[in-house]
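J.: If you read the sequence shown in our numbering, its first letter stands for residue 1, the second for the next number, and so on.
If you are wondering where the hints come from, they were derived from the structure by calculation, not from laboratory data.
Treat the hints with caution; some may be incorrect.
Label pairs and their calculated CB-CB ranges [said to hold, decoys possible]:
#, residue 1, residue 2, range
1, ARG30, SER114, 36 to 46 angstroms
2, SER17, ALA60, 16 to 26 angstroms
3, THR52, SER114, 15 to 25 angstroms
4, ALA23, THR57, 13 to 23 angstroms
5, GLY10, ARG45, 27 to 37 angstroms
6, LYS74, SER114, 32 to 42 angstroms
7, ASP101, ALA14, 28 to 38 angstroms
8, GLU88, GLY8, 12 to 22 angstroms
9, GLN106, ALA33, 17 to 27 angstroms
10, GLY26, SER114, 37 to 47 angstroms
11, SER114, ALA60, 15 to 25 angstroms
12, ARG30, LYS86, 29 to 39 angstroms
13, TYR87, SER27, 31 to 41 angstroms
14, THR111, LYS64, 16 to 26 angstroms
Computed cross-link-like contacts, SDA-like style, restricted to lysine to any residue with a CA-CA straight-line distance of at most 25 angstroms [said to hold, decoys possible]:
#, residue 1, residue 2
15, LYS64, SER25
16, LYS43, GLY15
17, LYS74, SER53
18, LYS64, LEU18
19, LYS43, LYS74
20, LYS64, GLN1
21, LYS64, VAL112
Keep in mind it's a predicted model, so treat the numbers as computed, not measured.
Backbone N, C-alpha and C define an ideal beta-carbon position, used for all residues, glycine too.
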Amino acid sequence: QVQLVESGGGLAQAGGSLRLSCAASGSIFRILAMGWYRQAPGKQRELVASITSGGSTNYADSVKGRFTISRDNKNNMLYLQMNSLKYEDTAVYYCNAVNRDNPWGQGTQVTVSS
Numbered sequence: 001q002v003q004l005v006e007s008g009g010g011l012a013q014a015g016g017s018l019r020l021s022c023a024a025s026g027s028i029f030r031i032l033a034m035g036w037y038r039q040a041p042g043k044q045r046e047l048v049a050s051i052t053s054g055g056s057t058n059y060a061d062s063v064k065g066r067f068t069i070s071r072d073n074k075n076n077m078l079y080l081q082m083n084s085l086k087y088e089d090t091a092v093y094y095c096n097a098v099n100r101d102n103p104w105g106q107g108t109q110v111t112v113s114s
């Protein structure tokens with residue numbers, strides 16, 4: 001298992017930017033495909049961006065061109081750069097492995113004011 005701690009959320013205006021960070025424990029991190037997920041009130045958790053161990057990325061249509069996922073395998077870190085934020089990006093954001101049963105962290109709240 002990998003333990004995950006998200007940070008970097010906060011309040012931003014529409015059109016603004018935030019950078020989320022995820023600190024992961026364990027050497028297994030570097031071989032895992034990782035993703036950023038979000039859950040808005042009353043909605044299911046959704047995967048918004050993912051990155052393979054080799055650095056290939058994929059994005060949900062709703063964030064494509066605005067969000068960038070990256071990773072630092074040496075330091076067991078995962079990042080999500082969020083630009084051109086929209087009100088509908090408001091959610092709790094989580095990092096976790098993709099297609100693997102791993103415990104969730106506490107998440108970090110992102111609130112975008114319109």
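J.: Now look at each hint and say whether the structure bears it out.
T.: Do the hints match the structure? See the list:
As the Cβ distance of ARG30 to SER114 is approximately 39 angstroms, the hint placing it in 36 to 46 angstroms holds. Checked against the hint of 16 to 26 angstroms, the C-beta distance between SER17 and ALA60 comes to roughly 18 angstroms, which is consistent with it. The hint said 15 to 25 angstroms for the Cβ distance between THR52 and SER114, and at roughly 34 angstroms that hint is violated. In this structure, ALA23 and THR57 meet the distance hint of 13 to 23 angstroms, their C-beta atoms being roughly 20 angstroms apart.
Distance hint for GLY10 and ARG45: a CB-CB separation of about 20 angstroms, inconsistent with the stated range 27 to 37 angstroms. For LYS74 paired with SER114, a C-beta distance near 39 angstroms keeps the hint of 32 to 42 angstroms intact. At about 36 angstroms, the beta-carbon gap between ASP101 and ALA14 stays in the expected band of 28 to 38 angstroms. Between GLU88 and GLY8 the C-beta distance comes to about 19 angstroms, which sits within the given range of 12 to 22 angstroms.
Between GLN106 and ALA33 the Cβ separation comes to about 22 angstroms, which falls inside the hinted range of 17 to 27 angstroms. Range check, GLY26 to SER114: about 39 angstroms between beta-carbon atoms, so the 37 to 47 angstroms window is met. Here the CB-CB span from SER114 to ALA60 is close to 21 angstroms, well matched to the stated 15 to 25 angstroms. Judged by the Cβ atoms, the range 29 to 39 angstroms given for ARG30 and LYS86 holds: they are separated by roughly 32 angstroms.
At roughly 39 angstroms, the beta carbons of TYR87 and SER27 sit within the given window of 31 to 41 angstroms. Between THR111 and LYS64 the beta carbons are some 22 angstroms apart, a value that agrees with the proposed interval 16 to 26 angstroms. Restraint check for LYS64 and SER25: not satisfied, since their Cα atoms lie roughly 28 angstroms apart, outside the 25 angstroms limit. With a C-alpha separation of about 23 angstroms, the suggested pair LYS43 and GLY15 falls inside the 25 angstroms cut-off, and the hint holds.
At most 25 angstroms may separate the alpha-carbon atoms for a hinted pair to count; LYS74 and SER53 meet this at roughly 12 angstroms. Using a Cα cut-off of 25 angstroms, the hinted pair LYS64 and LEU18 holds, with the two alpha carbons roughly 15 angstroms apart. A threshold of 25 angstroms between alpha carbons decides the hint, and for LYS43 with LYS74 the separation of about 34 angstroms lies outside it, so the pair is violated. For the suggested pair LYS64 and GLN1, the alpha carbons sit about 29 angstroms apart, so the restraint of at most 25 angstroms is broken.
Using a Cα cut-off of 25 angstroms, the hinted pair LYS64 and VAL112 holds, with the two alpha carbons roughly 18 angstroms apart.
Violated hints, listed in ascending order, are 3, 5, 15, 19 and 20; each of the other numbered hints is respected by the structure.
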